[in-house]
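Line order of the protein sequences matches chains G and Y. Going by this note's numbering, 289 is the number at position 289 of the first sequence; the sequence numbering is gapless. Going by this note's numbering, 56 is the number at position 56 of the second sequence; the sequence numbering is gapless.
Once the Cα atoms are required to be at most 27 Å apart in a straight line, the calculated BS3-like pairs of lysine-lysine come out as:
| hint | chain 1 | residue 1 | chain 2 | residue 2 |
| --- | --- | --- | --- | --- |
| 1 | Y | Lys104 | G | Lys210 |
| 2 | G | Lys230 | Y | Lys52 |
| 3 | Y | Lys3 | Y | Lys99 |
| 4 | Y | Lys47 | G | Lys804 |
| 5 | Y | Lys52 | G | Lys214 |
| 6 | Y | Lys104 | Y | Lys90 |
| 7 | G | Lys210 | Y | Lys99 |
| 8 | G | Lys210 | Y | Lys90 |
| 9 | Y | Lys73 | G | Lys34 |
| 10 | Y | Lys47 | G | Lys210 |
| 11 | Y | Lys73 | G | Lys37 |
| 12 | Y | Lys74 | G | Lys34 |
| 13 | Y | Lys90 | G | Lys37 |
Rather than coming from a laboratory, the hints here were simulated on the basis of the structure.
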Amino acid sequence: MKRERRKIVRTTTWSAGPGCHGGCGVLAHIEDGKLVKIEGDPDHPWNQGRLCARCLAMTQYVDHPDRLTRPLKRVGERGEGNWQEISWDEAFDLIEQKMGAIREQFGPESMIFSMGTGRDIGAWICMLAYAFGSPNVMFALSGIACYSPRIAAVDTIQGDYCILDAAQWLPQRYDDPQYNIPECLLVWGYNIPATCPDNVFGHWIIDLMKRGTKIVAIDPRLSWFASRAKHWLRLRPGTDGALAMGLLNVIVNEKLYDRDFVEQWTNAPFLVRTDTGKLVRASDLVKGESSDNFVVWDTAGGKPVVWDSGKVAYRSAGVKPALDGAYEIGLLDGTKVPVKTVWTVFCEEVNHYPVERVSEITWVPQKDIIDTARFYATSKPASIHWGVPIDMTPAITPTAHAIANLWCITGNLDIPGGNVISRYAFDAVAYALPGAKGIIKLASKEADKKRIGADRYGPLNKFIWRAQTDLVLDQIFTGDPYPIKGMWIQACNPVAGIGLDPKRWVEALKKLDFVVAVDLFMNPTTQLADVVLPAASFLEKDSIRTWWIPLQSINKAISVGDCRSDIEINFELTKRFDPNFRWNTIHELFDEIIKPSGMTFKELQEKGWAFPPQGHPSAPYHRFEKGLLRPDGKPGFQTPSGKIELYSSLREEWGLEPIAHYEEPPFTPVSRPELMKEYPLILSTGRRSPAYFHTEHRNIPWLRAIDPDPVIEIHPETAASLDIGHGEWVWVENWLGRCTFKAKVTLVVPPWMVMATHGWWFPEKPGSEPSLFGVWESNVNQLIPMGFQGKDGLGAPIKHLLCKVYKVNRREDGEHAQAM
Amino acid sequence: MPKQCEYGLLIDYEYCTGCYTCQVACAQEYNWPAGMGGMQVIEVVQKLPNDKAYLAYLPFPTELCILCAPRTKKGLEPACVQHCMAACMKYGRIEELAKEMSKKPRMVLWVPRS
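Build the full structure now, drawing on both the sequences and the hints.
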């Protein structure tokens, strides 16, 4: 009976397979233990039955003939491509022995634990690293430049992160009576084919557009949104910070901000010393006062008054703080110093960015900047959805602050249809992320002291619990201040995708004594490992998803070969490396992580998903007014002052500029005009494809058919001037290297810029060196340097470099494939 | 006698984002090899005055589209319609879909070979 052999398993997407940030509910049709079909779950509030091309291609993915299904041990030299199948026991024994020897001889910090983009892997790689004793969990991108910098930047001034509100917190979604559709949505550096970055289902924006939301598209490319936008701001890549300052300039000078909100909920009234440029602390004025407390000018009493950060209140009743102005206050030693309010200082900074100047920097016409500022500030609610270009610039933090200030000063924070505070569902957190500690942690603060970059970069001690990637790469070569001897690489492909200057990553891997790679397919990085472990796709595992909402279970539907899930692999080794590890089974660990929900993992599996109830800190709206954000239950924010900090006290402590501003990136026509002679085109990278997630899926036939070749977008006029025809192969070259792409001649890009796809390798080509699956042919990261992270260790120049483009001359170059 | 056509697909191409879901949903449903299938997505970039352009996508039902007869018989939506990320495709009777076309611009009604 065919009917009885088929079952349908309801589960949640996350991680390998669709390769996404997940959240979609799916129905996996299983017959005789095999996946025969996958469909969107029509009852699921996240995707309502919809599903992307990558997930629909899972039937070609899970049983792909190239899936790794057994642990492999290298035989012969690294990169030769000779492997021997071994059992899991042999693999675990070998790893325990090799990593144990490194720990004994050089200390646990000599092992780096390297992850790719944050999926159902982050918690478990931390679990293993921390059990081993190493604080060096590394997100392998230069400047950690993907999402966590934005989260950290917003947490720095706001205490909690926030995202576009598409009613995702409410089971009835758009129909919930609490919800309002945004009138205006700034889609800032985000392109729909990426579908679901930042834990937002991209097509929710389409749902909103159908319900009346008007779009402002901020993008150098004529993106899908740009085509349909009320305003399209075609900015020069990397100038987002200047544009945001220009928008603030219009909003401030035309008095379009929400004055009551600014006065009550931001630190705009706090006083700043004019002589030092520093915030006045209560301890400057009154003996015995705390330096955690700040000072305002009370217009009622005509004198300074202390703001008690702990009590989130003024010291006296009836204070009417001055929002603007310059005053004089007496210090403890009797000297008088001039002071200004934060708002005054903020406005002075904003006034450095008149629209004329911003237009010159960004190449956006003045009128569009003015119209956008007015449209955003006069719409209620108005929202902003931003993308990874914000992280992919060295001045990520001031840029993110400028943009975050937009929703703060217009009062669009945590209101229906605005930018809504995003907490992990039920505050259930597995591991240390920006703004959350989690239950998986290092045994001691002492062990964390060796974390690479933690001593140098403030955000790495407050929000981002990772090693700083650029410093790690350097340290592999220098051994200073301690040697790096091994790397555990999980769901991470630095040679083909996440690594900039990838040839240096190859050299680095070859310097190490022991490298383990955990993945689903062989790829250019796994080729350089000593042991390769076969990982499971999301259909082959139990797990949980808590960022952000709803709380979801991932339910095992099938098994493939001897593949094990990331948590199963790491759990076994965790127990071996840490005899004090508290949990006996994976389900016990899940139970503890989701304990704040009041459910066990089994109960969650039965439900599938769960929304936190109204009044819970992880459920919207207006939480800062209701006292739901702070542990003490007082209204306000989880910042040092309890206020949104337009002037950041943390940045001040870190010795960095405390106010939003613009910094020109390092390789632009403005900062390096001399390079323009040789490299006249702006090179932007990372154009998303609906078929691929970073380096994944080049081997999935249905998906490869959609986007068969690495392409670079080039404007028809530029192409014509270079004698390049549509579909021709071209070299893209700069001072760091060159690689080949197929020219896509299109009006989507401006004449002064080309946009290259990223993550290219060719699973059909030889895996052994020197080919490494043809990774050197079209890996655009060869044209991007490491080591240009921002002043706070975050951000990298990934979307704004310079290059030249010319035709591949087959006679001179040979077949481009053989050219290298 | 030509076959009487009853059903069609209404596409609201204002909202089609070019996500290629329809193409792969069809390939999965009927296990078509790569390069074949009942749906193909077409990209159109139209130059407009003042250095602007309009980027549009259009799902096109090919000679292999059977309007998911095996699914619709069971009361299910065609695979492409159910999974469409932008929810911009509608399956139904031609007359009813034609009526919907008068409600907004940028629509196309396909009556595939089926």
